[in-house]
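Chain by chain, the residues run as shown.
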Amino acid sequence: MAMDPFTWSHWYAIGRLEDVPEGGTRKTRLLGIDIVAHRSSGEVTVERVEDHAPLAVQERYGHVWTTFSDEPKPLYDMPEFDEDGRRLVTAGCVTVRCSGLRAVENFLDMAHFPFVHTGILGEEDHAEVEQYCVEMRADVNEVWATKCRFYQPKAAATAEGGQMTHYKYRVPHPFSTILYKTCPIREGAWDLVGLFIQPRDEDLCDVHSFVLVFDEENTDTGLLHFQQTIFLQDRMILENQVPALLPLDPRRELPTRADASSIAYRRWLKENGQSFGVLAEEAVG
Amino acid sequence: MKLYDYVLSGNCYKIRLLAAFLKLDYQTEPVDFYPGKQHKNEEFLTINPLGQLPVLRDGDLVIRDAQAILLYLANKYDSERSWWPANNALRVGEVAMWLSFADQITSTASAARLHDMLGYELDVDAARSGANTLFRVLEDHLTDREFDGDDWIAGDCPTIADIACFPYTALCGDGGISLQPFPAIQRWVRRFTALPGFVAMPGINCIK
Numbered sequence: 001m002a003m004d005p006f007t008w009s010h011w012y013a014i015g016r017l018e019d020v021p022e023g024g025t026r027k028t029r030l031l032g033i034d035i036v037a038h039r040s041s042g043e044v045t046v047e048r049v050e051d052h053a054p055l056a057v058q059e060r061y062g063h064v065w066t067t068f069s070d071e072p073k074p075l076y077d078m079p080e081f082d083e084d085g086r087r088l089v090t091a092g093c094v095t096v097r098c099s100g101l102r103a104v105e106n107f108l109d110m111a112h113f114p115f116v117h118t119g120i121l122g123e124e125d126h127a128e129v130e131q132y133c134v135e136m137r138a139d140v141n142e143v144w145a146t147k148c149r150f151y152q153p154k155a156a157a158t159a160e161g162g163q164m165t166h167y168k169y170r171v172p173h174p175f176s177t178i179l180y181k182t183c184p185i186r187e188g189a190w191d192l193v194g195l196f197i198q199p200r201d202e203d204l205c206d207v208h209s210f211v212l213v214f215d216e217e218n219t220d221t222g223l224l225h226f227q228q229t230i231f232l233q234d235r236m237i238l239e240n241q242v243p244a245l246l247p248l249d250p251r252r253e254l255p256t257r258a259d260a261s262s263i264a265y266r267r268w269l270k271e272n273g274q275s276f277g278v279l280a281e282e283a284v285g
Numbered sequence: 286m287k288l289y290d291y292v293l294s295g296n297c298y299k300i301r302l303l304a305a306f307l308k309l310d311y312q313t314e315p316v317d318f319y320p321g322k323q324h325k326n327e328e329f330l331t332i333n334p335l336g337q338l339p340v341l342r343d344g345d346l347v348i349r350d351a352q353a354i355l356l357y358l359a360n361k362y363d364s365e366r367s368w369w370p371a372n373n374a375l376r377v378g379e380v381a382m383w384l385s386f387a388d389q390i391t392s393t394a395s396a397a398r399l400h401d402m403l404g405y406e407l408d409v410d411a412a413r414s415g416a417n418t419l420f421r422v423l424e425d426h427l428t429d430r431e432f433d434g435d436d437w438i439a440g441d442c443p444t445i446a447d448i449a450c451f452p453y454t455a456l457c458g459d460g461g462i463s464l465q466p467f468p469a470i471q472r473w474v475r476r477f478t479a480l481p482g483f484v485a486m487p488g489i490n491c492i493k
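Read top to bottom, the protein sequences are chains A and B.
Quick note on numbering: the numbering used here labels position 18 of the first sequence as 18, and the sequence is numbered without any gaps.
Numbers in the numbering used here are just positions in the second sequence, counted from 1, shifted up by 285.
In case anyone wonders, no lab produced these hints; they're calculated from the structure.
It cannot be assumed that every hint is accurate.
[As the list claims (entries may be wrong)] Derived lysine-lysine pairs resembling DSSO-like cross-links, with alpha carbons at most 30 Å apart: (1) K73/A with K287/B; (2) K287/B with K27/A; (3) K147/A with K308/B; (4) K361/B with K154/A; (5) K27/A with K168/A; (6) K27/A with K325/B; (7) K147/A with K27/A; (8) K73/A with K154/A.
[Claimed, not checked] Cβ pair distances, simulated, as ranges: (9) E130/A with D441/B: 49 to 55 Å; (10) N360/B with T95/A: 37 to 43 Å; (11) E431/B with G273/A: 52 to 58 Å; (12) G434/B with D220/A: 14 to 20 Å; (13) R257/A with W437/B: 56 to 62 Å; (14) K27/A with D429/B: 43 to 49 Å; (15) D388/B with V242/A: 42 to 48 Å; (16) P250/A with P466/B: 58 to 64 Å; (17) G321/B with G32/A: 16 to 22 Å; (18) Q389/B with E253/A: 51 to 57 Å; (19) R60/A with S463/B: 53 to 59 Å; (20) W437/B with T146/A: 33 to 39 Å.
Glycine included, each C-beta is placed from N, C-alpha and C at the ideal position.
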C-alpha cells in the first residue's frame with residue numbers, strides 16, 4: 001500500500017453524527033484499515049479492529065472524524081458552520097469505486113456541468129468555462145480557485161430559472177473540497193457544498209457530502225434530493241474514469257485552460273508527497 | 286395526484302417514466318429514503334404499512350407497489366390502451382408475466398446497487414449472480430423478439446412491461462453488474478432512452 005505521511009496526518013470523516021447513535025456501532029474502513037465506531041453515554045469512541053487500538057475522535061461539521069496520526073494536522077476551519085440562519089443537510093455516505101482524489105478533482109471541474117448535470121448545473125448551449133484564478137495559499141497549505149463564473153439553469157434547489165453563478169473552490173485537505181457559491185436568495189452571502197471523502201482503499205472511497213445554505217423554501221428532504229441527484233450523476237462518471245487512481249505525472253493527460261484548478265490540485269498533491277490513491281510514477285515518453 | 290418519491294429509487298422512476306410518457310400532471314412528495322430511512326418511520330407507515338416506495342395518492346385512493354401503480358395509471362389515463370393492452374388477452378398475459386419478472390430484477394440487481402452504493406449489508410455475490418441469470422433470460426427473449434422484427438418486450442409497441450424492467454436493468458452498473466454480455470439488452474436500453482418523452486435519472490447513461 002502506498003502510504004505517505006501527508007495522507008496519514010489528516011482527520012477523516014467516517015459517518016454522520018446520526019450514523020453512530022447511542023449504543024450503536026458503525027464498522028467501516030479507512031486507508032485500508034478496518035475500524036469500528038461506537039457511542040455510549042453520548043461519547044463516540046473509535047478503534048482499530050485488528051488490535052483494538054483507540055483512535056482520536058472529534059464530532060464536527062455534522063460528522064464523526066478520526067485519525068491514525070499521533071500528531072494530526074488540525075481539522076480545517078469553516079466558520080460558516082457557526083453562522084445563524086444557515087441550514088445543514090448531510091447527504092449520507094455514497095461508495096464510489098475510484099480513488100478519492102478523483103472525486104475531489106471531478107468536483108473542481110466546471111467543464112463537465114453542461115454534459116453531466118444537463119439542465120441543472122449547466123446546459124450545452126452555455127458550455128464555455130471563463131478564465132478563473134487559482135492560488136496556493138502557503139500560510140494554510142490550501143488550494144483555492146476563485147472568480148469562477150458559470151451559467152446555470154438551476155444552480156440550487158432554491159433557484160428560479162437560469163443565472164450566472166459565482167463560485168469559489170477550496171481544497172484544504174487532500175480528500176476534502178468545499179464549494180462556495182452565490183446564494184440565490186441572500187445578496188453577498190455564499191452557500192457551501194462540500195465533500196468529506198473517506199478513502200477506504202486506494203481505489204475505493206466513501207463520499208460524505210453536505211450543504212450549508214440559507215434557504216427558507218425547501219424542506220431538508222428537498223435539499224437532500226437535489227444534492228443526491230447531482231452526486232449520483234457524478235458517481236457514474238467517476239466509476240468510468242481510467243485509471244481509477246489519479247495520475248500526477250503532467251505528461252499523462254493533456255490539460256486545457258479550464259483545467260487550471262485540476263493542475264493546481266495535482267501539483268499541490270505532488271509537492272506534499274501524496275502517494276495514497278495516486279497512480280505509481282512510471283516512465284512516460 | 287401525488288407521488289411519494291425518492292430520486293435514487295428505480296421503482297419510483299418507473300412511475301415518473303410512465304407519467305412523463307402519458308404527460309400526466311402530478312406533484313412529488315420527496316421522501317428521505319437514504320440516509321434518513323423516512324419510509325420506515327411511524328408517519329410513513331400509516332401511508333404504506335410495508336414501509337416501501339413508491340406510493341401514489343390520487344384523490345382518496347392510495348396505492349402502493351410500482352407495478353400496481355403502473356397498472357392503475359395505464360388503465361386510468363392511457364386512452365389509447367397501448368401501455369397496458371387491456372383488449373388483447375394474449376398481450377395482457379405477456380405483460381403481466383414480465384411485470385412479475387421486473388420484481389425479481391428489483392430483488393437482485395437493485396439489491397446489489399444498494400450494497401455497492403449505499404452500504405447495505407447483504408449477500409452481494411448472490412444478488413449479482415441472480416441478476417445475471419435473469420438478464421440471460423431477458424437477453425434471449427429480446428433476441429427472439431428482434432428476430433421477429435419487434436423492438437419491445439411484448440407486442441409491437443412499448444408497454445408497462447418495458448417500463449417495469451427498464452430502471453434496474455439500466456442501473457445495474459451501479460451494483461457492479463455489466464451489460465457487456467447482453468447486447469440485445471443494450472440495444473433495447475438505447476431504444477428505450479430514445480422514446481419520445483423519456484426522462485432520465487442519475488446513473489442512467491443516455492449518451493445516444
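These are the hints, each one checked on the structure:
| no. | hint | result |
| --- | --- | --- |
| 1 | K73/A with K287/B | violated (50 Å) |
| 2 | K287/B with K27/A | violated (38 Å) |
| 3 | K147/A with K308/B | violated (41 Å) |
| 4 | K361/B with K154/A | violated (33 Å) |
| 5 | K27/A with K168/A | violated (35 Å) |
| 6 | K27/A with K325/B | holds (22 Å) |
| 7 | K147/A with K27/A | violated (41 Å) |
| 8 | K73/A with K154/A | violated (37 Å) |
| 9 | E130/A with D441/B: 49 to 55 Å | holds (50 Å) |
| 10 | N360/B with T95/A: 37 to 43 Å | holds (39 Å) |
| 11 | E431/B with G273/A: 52 to 58 Å | holds (56 Å) |
| 12 | G434/B with D220/A: 14 to 20 Å | violated (51 Å) |
| 13 | R257/A with W437/B: 56 to 62 Å | violated (46 Å) |
| 14 | K27/A with D429/B: 43 to 49 Å | holds (46 Å) |
| 15 | D388/B with V242/A: 42 to 48 Å | violated (35 Å) |
| 16 | P250/A with P466/B: 58 to 64 Å | violated (38 Å) |
| 17 | G321/B with G32/A: 16 to 22 Å | violated (30 Å) |
| 18 | Q389/B with E253/A: 51 to 57 Å | violated (43 Å) |
| 19 | R60/A with S463/B: 53 to 59 Å | violated (40 Å) |
| 20 | W437/B with T146/A: 33 to 39 Å | violated (52 Å) |
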